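There are 2 protein chains.
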Amino acid sequence: MIAASNQPMQSSVAELAARARRASRQLAKLSESARNQALLGIAEEIERQAARIIQANELDCAAAETAVKSGAMSASLFARLRLSDRSTGEMASRIRDVAKLPDPVGRRLSATELDSGLVLYKESCPLGVVGIVFESRPDVIPQVASLALKSGNSVLLKGGAEAAHTNEVLVDIWREALDRFPSVPTDSIGLLRSRTDVMELLTLDRDVDLIVPRGSQAFVRLIAQKSRIPVLGHGEGICHVYIDRAADLQKALRIVIDSKTQYPAACNAVETVLVHRDVAQHFLPPMIEKLREAGVEVRGCPATVALLENWEVASASDKDWETEYSDLIVSIKVVNNLAEAIEHIERFGSRHTESIVTEDRDTAQKFMDDVDAASVYHNASTRFADGFRYGLGAELGISTSKLHARGPVGLDGLTTYKYKLYGDGHIVAEYSSGARKFHHCSI
Amino acid sequence: MIAASNQPMQSSVAELAARARRASRQLAKLSESARNQALLGIAEEIERQAARIIQANELDCAAAETAVKSGAMSASLFARLRLSDRSTGEMASRIRDVAKLPDPVGRRLSATELDSGLVLYKESCPLGVVGIVFESRPDVIPQVASLALKSGNSVLLKGGAEAAHTNEVLVDIWREALDRFPSVPTDSIGLLRSRTDVMELLTLDRDVDLIVPRGSQAFVRLIAQKSRIPVLGHGEGICHVYIDRAADLQKALRIVIDSKTQYPAACNAVETVLVHRDVAQHFLPPMIEKLREAGVEVRGCPATVALLENWEVASASDKDWETEYSDLIVSIKVVNNLAEAIEHIERFGSRHTESIVTEDRDTAQKFMDDVDAASVYHNASTRFADGFRYGLGAELGISTSKLHARGPVGLDGLTTYKYKLYGDGHIVAEYSSGARKFHHCSI
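Chains as they are written, first to last, in my numbering: chain A, 1 to 443; chain B, 1001 to 1443.
Be careful, since some hints might not be right.
One-sided and incomplete, this derived list gives chain B residues near chain A with beta-carbon spacing under 8 Å [what the hints assert, rightly or not]:
#1 L1210
#2 R1254
#3 D1327
#4 I1329
#5 K1402
#6 S1433
#7 A1435
#8 F1438
Not the full set, but computed from the structure, chain A residues with beta-carbon under 10 Å of chain B [stated by the list, open to error]:
#9 R25
#10 L403
#11 G413
What the hints contain is simulated information worked out from the structure, not anything from laboratory work. Nothing here was measured: the structure is a model prediction, and the numbers come from that model. C-beta: ideal position from N, C-alpha, C; glycine also.
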């Protein structure tokens, strides 16, 4: 049996957001240790109430099983929904990892004496209230809520309907844990329950500072279209691996297979492999063998099709270069040189993650410098583009925008800064008239 | 006579943007000294061709004079249009100041060894192509174009029609100067000529990375509504000065007068003065005397009106608290304490610039920490909120958004970052399976 929820039941989304805003003002004043202690308390509470979480998750899974049987839910979605005892332990340990990260707020980013007695500081501070809308995966809640609390932000969450029981219990437990820390407002976390709620949330630009949609491309696009609030998310993930003429072909094989098959639905999976013509003849046959072994469908440019005559490779159409398959499909293109590879990436890439495989450091450096993408790699799988792998502790999301935060986003994406100016009756008129002059001295 | 323009005449806006994109790729590879030398060359060229600039400006002014006479143009707009010999000298000297700033690109923001042989760097880099749409003031061109070149960005400009000749010549001279630096692409600067051009520009999200509108609130809002590209700008500037019970009333007077009258049309001018009730009786009479001397219309809350019985102060309506007058009008409210002042600012402020006048350091610190605004001041005029005064060299614009860049924005707003990961055949599967572990070590 699930205990009655401790969350306000009748509040409208606007009221929830207003409470979250008030809570965020309290959060912004908390010391680092108060925020960290609350995180550790939450981790403990999650471990203590693991059985309750699993119980709620079983309810969700039972309903989902019917949906899987009727074909209304995919098996992969179902897999991401199910939690185990290990999952709750991992949740707690991830929260503890976040508590250990350096404090992202109150950092002095610059200090300038503008004139004698007039000193300007630039300091990092929380954004305020962040709304996170995600599909399925209930483990998103502890991940993003811990990042929010660590950085002094309130968070409003809306998860997939298929995980409703699990999400409800996770937020309940979070609030129960916060109840034991009187300085940390319980309303710093809130749960939305319907799609209508989400649509209302997107209009509350006075009380909500950022919306983070996590889910399919179509979902992110919908949220971005409807939101009056700035949205952090990624559109497409069309990533490339370029196999240079000076590539170590063993490394190239490992990297292509990992980039494509380790988790093909991820946005950082490779969609197109670009192969230098000088190594195409040697490289393409073993690559296609490995890819087919892994169940990957291959589509090739005319040169690829010709070189792989005996393999009956399907022809890639122009459409393929601009498609995020999110599946076990890959397109292959033979290029004449590095410049052509970069040109292809510039034209078709989504500026997400791009990798070069080469033993030539100069060529690698040229690729790393010239390719315009959030992440550029030398001799590594595109699948590394992830907040946890980057050491950010957890991931708020991945951004393909160049503004505010780019690539895998952790705590940095949840902070802004403010300028604090200390004077002693200073006025601008004296500077305009020339009576006083700025000296702008870094201190 | 104006020399024939050296700018491509028949290019469509899409073509202009595509050229700017290509130019931005070259710019991104330039060394710091190549960018700085080009800036110094441009400053020299502006001085050398000062007469040509003034001549073009006289043409614009002649047309504008007719518009002023017929009432189609305001005198203040006209004043901002006119350039003098001193103006061109100032343009050149501001460009030289920008050249002297530290290089904003290629900075290593972090370096992490994820595992042995797998190293991640986060490095600042240019945004790419920035579109700047501004009203009147031709001196915006050298200001923003120098920031763009310094940070390795291409820039597309559209100024007010009333400054068409001046803008054309300024961009011509800029391009002529760049012609002498073969490594710096001439197409890194481009001029748009019509409102239709601007509307087309706002749709080119593949080739343009950021739009900066500079002008009236209505103008900024229109651009933001129509743009498919992220917009950096400020909505309203509803700024407050709070006179605390522990204020030095002489400082308070100076600061209120400067904040209101030094340039009332600016977004950082004060709109509402909040006065602690304990000092209201002493402070309000001299303040209103000074304000009226300066031609400022005063509107007061009931307590203000009652205290200033003999001054026949007009009553402020609720509407006043949420109005940006942009004019010689100010509203005054008596508050019971600091909390009430902060509450008023939270409710009605636009999170732009807020100032407290007090001799009590604790009260000041509380205000500085608690008020959520881009700039918070102690004993200083709100008019200091400006990129040049902050020592940013020049100002791209002022942002009231919390994302990407906040407050007066200089070079920082024109950069993003990219992650560079160097591996040696590293794949994610080995970490998923537990065969390898990340150690995430800052280096």
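Cross-check of the supplied hints:
1. L1210: Given a least distance of 7 Å, the restraint on B/L1210 holds.
2. R1254: holds, 5 Å
3. D1327: Not OK, violated: B/D1327 not within 8 Å of chain A, min 18 Å.
4. I1329: With a minimum Cβ separation of about 19 Å from chain A (threshold 8 Å), the hint on B/I1329 is violated.
5. K1402: Since chain A brings a Cβ to about 4 Å from B/K1402, closer than 8 Å, the hint holds.
6. S1433: Not OK, violated: B/S1433 not within 8 Å of chain A, min 10 Å.
7. A1435: Result: violated, 13 Å to nearest chain A Cβ.
8. F1438: Holds: closest Cβ of chain A sits about 6 Å from B/F1438, inside 8 Å.
9. R25: holds, 7 Å
10. L403: holds, 4 Å
11. G413: Status holds, d = 9 Å.
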